[in-house]
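Number of protein chains: 2
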Amino acid sequence: MDHATINLDARARTLLRTLIESYIRDGQPVGSRTLARSSGLSVSAATVRNVMADLEDIGLIHSPHTSAGRIPTPAGYRLFVDSLLEVRNPSPEEVRAIQSGFDPNASTQDLMDTTSNLLSRVTRMAGMVRLPRHRNVALSQIEFLRLGEGRILAILVIDGKEVQNRVLELERDFGQDELQRMANYLNAHLAGKSLHAVRAELLREMRDVRDDLDAMMLAAIDLGEKAVGDEDPDDVVVAGQTHLLGYEELADMERLRQLLEAFNEKQEILGILDQCIRSDRVQIFIGRESGLDWFENCSVVTAPYSVDGEVVGVLGVIGPTRMSYDRVIPIVDVTARLLGSALGDPTNESR
Amino acid sequence: MDHATINLDARARTLLRTLIESYIRDGQPVGSRTLARSSGLSVSAATVRNVMADLEDIGLIHSPHTSAGRIPTPAGYRLFVDSLLEVRNPSPEEVRAIQSGFDPNASTQDLMDTTSNLLSRVTRMAGMVRLPRHRNVALSQIEFLRLGEGRILAILVIDGKEVQNRVLELERDFGQDELQRMANYLNAHLAGKSLHAVRAELLREMRDVRDDLDAMMLAAIDLGEKAVGDEDPDDVVVAGQTHLLGYEELADMERLRQLLEAFNEKQEILGILDQCIRSDRVQIFIGRESGLDWFENCSVVTAPYSVDGEVVGVLGVIGPTRMSYDRVIPIVDVTARLLGSALGDPTNESR
DNA sequence: GTCAGCGCTCCACTCGGTCGAGTGCCAGAA
DNA sequence: TTCTGGCACTCGACCGAGTGGAGCGCTGAC
Numbered sequence: 233m234d235h236a237t238i239n240l241d242a243r244a245r246t247l248l249r250t251l252i253e254s255y256i257r258d259g260q261p262v263g264s265r266t267l268a269r270s271s272g273l274s275v276s277a278a279t280v281r282n283v284m285a286d287l288e289d290i291g292l293i294h295s296p297h298t299s300a301g302r303i304p305t306p307a308g309y310r311l312f313v314d315s316l317l318e319v320r321n322p323s324p325e326e327v328r329a330i331q332s333g334f335d336p337n338a339s340t341q342d343l344m345d346t347t348s349n350l351l352s353r354v355t356r357m358a359g360m361v362r363l364p365r366h367r368n369v370a371l372s373q374i375e376f377l378r379l380g381e382g383r384i385l386a387i388l389v390i391d392g393k394e395v396q397n398r399v400l401e402l403e404r405d406f407g408q409d410e411l412q413r414m415a416n417y418l419n420a421h422l423a424g425k426s427l428h429a430v431r432a433e434l435l436r437e438m439r440d441v442r443d444d445l446d447a448m449m450l451a452a453i454d455l456g457e458k459a460v461g462d463e464d465p466d467d468v469v470v471a472g473q474t475h476l477l478g479y480e481e482l483a484d485m486e487r488l489r490q491l492l493e494a495f496n497e498k499q500e501i502l503g504i505l506d507q508c509i510r511s512d513r514v515q516i517f518i519g520r521e522s523g524l525d526w527f528e529n530c531s532v533v534t535a536p537y538s539v540d541g542e543v544v545g546v547l548g549v550i551g552p553t554r555m556s557y558d559r560v561i562p563i564v565d566v567t568a569r570l571l572g573s574a575l576g577d578p579t580n581e582s583r
Numbered sequence: 233m234d235h236a237t238i239n240l241d242a243r244a245r246t247l248l249r250t251l252i253e254s255y256i257r258d259g260q261p262v263g264s265r266t267l268a269r270s271s272g273l274s275v276s277a278a279t280v281r282n283v284m285a286d287l288e289d290i291g292l293i294h295s296p297h298t299s300a301g302r303i304p305t306p307a308g309y310r311l312f313v314d315s316l317l318e319v320r321n322p323s324p325e326e327v328r329a330i331q332s333g334f335d336p337n338a339s340t341q342d343l344m345d346t347t348s349n350l351l352s353r354v355t356r357m358a359g360m361v362r363l364p365r366h367r368n369v370a371l372s373q374i375e376f377l378r379l380g381e382g383r384i385l386a387i388l389v390i391d392g393k394e395v396q397n398r399v400l401e402l403e404r405d406f407g408q409d410e411l412q413r414m415a416n417y418l419n420a421h422l423a424g425k426s427l428h429a430v431r432a433e434l435l436r437e438m439r440d441v442r443d444d445l446d447a448m449m450l451a452a453i454d455l456g457e458k459a460v461g462d463e464d465p466d467d468v469v470v471a472g473q474t475h476l477l478g479y480e481e482l483a484d485m486e487r488l489r490q491l492l493e494a495f496n497e498k499q500e501i502l503g504i505l506d507q508c509i510r511s512d513r514v515q516i517f518i519g520r521e522s523g524l525d526w527f528e529n530c531s532v533v534t535a536p537y538s539v540d541g542e543v544v545g546v547l548g549v550i551g552p553t554r555m556s557y558d559r560v561i562p563i564v565d566v567t568a569r570l571l572g573s574a575l576g577d578p579t580n581e582s583r
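First to last, the sequence lines map onto chains A and B. For the first sequence, this note's numbering begins at 233 and goes up steadily by one. For the second sequence, this note's numbering begins at 233 and goes up steadily by one.
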């Protein structure tokens, strides 16, 4: 396939680009006459037909039936977004709309919500945001609360603002005063370090220094490890799914159901987003490329967002394959940047 | 309208009932011949036609066009569910399916999730559960954690298993040891009492005894009042919205969009459910009766659920007006009962 | 390599006709 | 008075034929 793209001469590329742009705009198969006229080239419709026949052989376009116009195949879209597309700069209004949506004082959860809402509102498709990994956020404080026989509540305060609760089931029972002392010990040792570091340290101490510590400290370390142990839950925030009902190419009810179901389950969405987290720029999945059958006629545009140079999450939109990539891509891109800086914003960290 | 229902003789009622049952089953307008045959009455089609003409005059049925059969109007459905419907007992499998879904050890939130999932799975429509009011649950414990300058985290443990976090912004700053003492004071006074009682007591103490207490106690009461003060957030759990895509009478995309949007916003759903909380049995909204335009072609079946004799919430389903009320009503009913007892189950309260 | 032209294909649309379900009404029976 | 059979009529669903138009592939000329 790849060598085929190289074989395309300038004229064929122009025609393919014009064809796809036209189809994206109108949603109608485009015929040779229209294409000849709108391409800007001074060639006749017959010539265009020849070129189109070639493109069809390569598998970039196809006609739904004899004597209809041509529409792009997934491979055609692929080539289009990879090397033919000229992305517009996002319009100033759009940038402003996105920018003004970010409240630098909001909690992380709120930021995620607004972001996916913004994405879906501006693009009129479904927006989604993968929650940031908390690898390098600082543990501010850890506390334990006895709930009942062998059940204690661990409270982690992160970055001085996020609070996480975890209920631990233990075999041994601890009194509240014991718990208090263990928390004090852990806080003294670990407060201010990143969760990642905390975890590593606890594991190391459990292995190395168990002889040097009294039973209480040992229990404290054990408890701390249990409390920080679990990764934060994988999650993704989705918004604006209902926009997808508006696109007639997605009008098949059964398909649509599966699609919305996937948004509810979130599992598959997560899978897709996680595929993108290693990339450092906008990525695009077209149709079934993501591996899910029911993504036919859908495309996904994602971009990772980073704080202090480290990628911490991914966001993106899902819409019909026939979408305005030139408009959507920069929107996703700029949103990712703005989210990254909102998360890393000092005004956000200070409180 | 009401006197009209009284004017109906037995035959007309039978015919209306058969007509609606038939329409609910097949989704087709039903004509006089079919109706005459399936009603069980020994009357001719012509007679049936006369009766139908009367029913149409009263506004209980209408034909979509000349010489199609008749279909029920909302008023017809209303009369049907009010006085013609014979509800089946829920089938044993259904009861078992529902019953086995309840895990008596689950947290309230999990219970809500499973319940709405159950409702939607068993009825194949959208299920929803209004979160229970916590009016008479016991406060087990209250703790405070200093997050930063003037920001403290209040942790309420309720019923020995639910945990609620609330961040309070205060004008004055407290040290952690002060907070500890205040928590001790509050726990000593209030633990074990219902949230409702706690709140009342705190308010009373603030008014009455401020002279007798030192500043610390006063601050503690103030703090406690702030922590328990807010009502728990209004919320509703929804599941299985996607089932609604399967019903062709809801196939209008624009309508469907509004409907799903409403599920996302939850506000309107809340409104509907709250209308039902005063009732003590199954309630039904047909079409626009709930006051929302876009509920055309939809009906809502709700039932309140109670713990220890007090109604604490509502659950229900939303589906097409043309639904099997005789099957859905008992399902909703029995689910409400089972949820109530799962919430009140002593095995649930003990841990 | 490009282009005009021809013949062909296929879709979308319209038109007329038929069929069947169902209605409304009427006159006669019970 | 109530019921019933019969009749004329209406309307939607379906079918098939016909038509116009868009668009293709191919070919022969330049």
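The hints are simulated quantities; they were obtained by calculation from the structure and are not laboratory data. Warning: the hint list may mix true and false statements.
It does not matter which identical chain is meant; a pair holds if it fits inside one copy or across any two.
[Stated by the list, open to error] With a cut-off of at most 25 Å between alpha-carbon atoms, the simulated DMTMM-like pairs for lysine to aspartate or glutamate come out as follows: (1) Lys498 - Glu318; (2) Lys458 - Asp342; (3) Lys425 - Asp484; (4) Lys393 - Glu403.
Consistency of the hints with the structure:
For the identical chains of this complex, Lys498 and Glu318 are neighbours neither inside a copy (32 Å) nor across copies (40 Å), given an alpha-carbon limit of 25 Å. Taking the shortest Cα distances, Lys458 and Asp342 sit within 25 Å of each other only across copies (22 Å), while inside one copy they are farther apart (27 Å). Proximity of Lys425 and Asp484 under a CA criterion of 25 Å is satisfied in neither setting, with 52 Å inside one chain copy and 55 Å between copies. In this assembly of identical chains, the alpha carbons of Lys393 and Glu403 lie at most 25 Å apart only when taken from different copies (18 Å versus 31 Å within one copy).
In summary, the numbered hints that this structure violates are 1, 3.
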